[in-house]
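*Asks:* For the record, the sequence lines run as chains E, V, R, C and Y. Under numbering that gives the first Met the number 0, the first residue of the first sequence is numbered 0, with each subsequent residue one higher. Under numbering that gives the first Met the number 0, the first residue of the second sequence is numbered 0, with each subsequent residue one higher. Under numbering that gives the first Met the number 0, the first residue of the third sequence is numbered 0, with each subsequent residue one higher. Under numbering that gives the first Met the number 0, the first residue of the fourth sequence is numbered 0, with each subsequent residue one higher. Under numbering that gives the first Met the number 0, the first residue of the fifth sequence is numbered 0, with each subsequent residue one higher.
Bear in mind the hints are in silico, worked out from the structure with no lab data behind them. One or more of the hints may lead you astray.
Which copy? The list can't say, so a pair holds if one copy fits it or any two copies do.
Unchecked claim - In silico lysine-lysine, DSS-like type, Cα no more than 27 Å apart, as pairs:
id : residue 1 : residue 2
1  : Lys37     : Lys83
2  : Lys17     : Lys83
3  : Lys4      : Lys83
4  : Lys17     : Lys4
5  : Lys22     : Lys83
6  : Lys37     : Lys22
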Amino acid sequence: MLRGKVIGNIVSTNKLDKLVGFKFLEIQLIENTQLTDKYIVAVDRTVSAGIGEEVLITTGSGARMALCDESCPIDAVVVGVVDKIQ
Amino acid sequence: MLRGKVIGNIVSTNKLDKLVGFKFLEIQLIENTQLTDKYIVAVDRTVSAGIGEEVLITTGSGARMALCDESCPIDAVVVGVVDKIQ
Amino acid sequence: MLRGKVIGNIVSTNKLDKLVGFKFLEIQLIENTQLTDKYIVAVDRTVSAGIGEEVLITTGSGARMALCDESCPIDAVVVGVVDKIQ
Amino acid sequence: MLRGKVIGNIVSTNKLDKLVGFKFLEIQLIENTQLTDKYIVAVDRTVSAGIGEEVLITTGSGARMALCDESCPIDAVVVGVVDKIQ
Amino acid sequence: MLRGKVIGNIVSTNKLDKLVGFKFLEIQLIENTQLTDKYIVAVDRTVSAGIGEEVLITTGSGARMALCDESCPIDAVVVGVVDKIQ
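Throw the hints in and build the complete structure from the sequences for me.
*Replies:* The structure is reproduced here in C-alpha cells:
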C-alpha cells in the first residue's frame, strides 16, 4: 500500500456509467515523513477522508476488492486513514 | 488512476484482431498541475475525449473492466474527463 | 519480490472493515545492500517481523494469495524474513 | 500501453516448456518522440514486427489476453505496429 | 519481461508455508547492455539458473502461471536463461 495526503476532489461530469457517484480524490504521495512530487487519483467509497488527511491507498487489482462490485474500472482506493506510525 | 492530457491519436493498421475498431490515444501524464515528460497510450471506448482535454486513466487489470469484453489485451483506458480539482 | 527493512507500525483506526485486525508495517526498501529512499506499506499476517528486520515482500495480486481470504483489498504482504544472501 | 522500438531478438534455449516457440523481442521504450534508456522484453505472437519498427505493447495481466492460452507466464506482448501519431 | 543477472541466493528460514522449498534469487536488472542499480528477487522453480547467468523474468500475476500452483504468493519468476540478443 502507499501513503499519501488528500489534496483535492476531482470533478468529472463526463465519465463511465460504472463510476457515477464515486468520489475521486487527488492524493500527494508520502515517502516516510516527506511529501513527494508524485500524485495519484484514488476512489474513496467508505473512509470519507477529508482534505489534508493522511491515507492508506491500495493499488492494482486489490483496489477493486474494496468495492461491492469487483468489476469496477478503477486501480486505486483509499482503505484507511493513517493516525500515526510508531 | 492517473491524470493526463490527450495529445494525439495513434494510427495502427497492423494490430491484433481483438483491437480492431479501438481508438488509441497518446496521453501526456500530469502530476498535480504540471505536465510531465511521461507518456502512455490509453484506449478510449466511450468517453470520446478530444485533443487537449484532461482525462482520468485507469491502468492494469482494472482497465479491462471498462470494456464490454473483459478479455481484451489492453492495460490502460480513459474513464473520464477531468473538469476541475477543488 | 522486494526486500526491505521494517521501520514502523502504522496505526489506523478508521479503515475498511475487511482490514480490521491487520498489522500494517512501514517498510524502507533495499536495493542490493543499500537502504533506498523508497517506502511501502505491507501487511504482515503470519511472519511477525520485528522493527529492524529485513523482509521479503510480495506485491500486486500475488499479495492476496498469502491470506486466507483472497478478496482482501491489499497489494503488499510480508512473505518471509531474510537471513542472508549468499 | 507503451510504445517502443524493436531492437533485437532474444535467444533462449533453456526456458519454461510453456514458452517454447515464442518469439521474445528486446524493445527500447519511447516517450512521445524520444527513445528512452528504458527497455523491456515482449512476446510477439501474431504481429511479426521487424527490427526497427515502432510497436504498441500491452503489459501486465492484459498481455496474456493476447494469447490463445491465457495461462502463459508472460507480462508483455506486442499488440500492434504504430504507423503514426496524428 | 525483464532481463537481469543472478547475483545471489536468498536464505529465509521464517517464511510462509506456501513458499517452503522455493529458491529465491537476488537479481540485478539489465537495461539493454548495462547492469543497472535496480534489483528484484525472483523465484526459480525449473530453470536452475546459476550465479552470473543472465535470465528472463516475468513479473506480476503472470509469474504465478509459471508454477504448478497458481495461488502462490509470489510476483516474479525466472522463465528462461538468455543466450544472446541478435
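*Asks:* Hints first: check each against the structure and report whether it holds.
*Replies:* To see whether the hints hold, each was checked on the structure:
no. : hint             : result
1   : Lys37 with Lys83 : both (21 Å within a copy, 19 Å between copies)
2   : Lys17 with Lys83 : between (34 Å within a copy, 20 Å between copies)
3   : Lys4 with Lys83  : both (13 Å within a copy, 18 Å between copies)
4   : Lys17 with Lys4  : both (26 Å within a copy, 22 Å between copies)
5   : Lys22 with Lys83 : both (25 Å within a copy, 13 Å between copies)
6   : Lys37 with Lys22 : both (20 Å within a copy, 26 Å between copies)
Hint compliance for this structure: no hint is broken.
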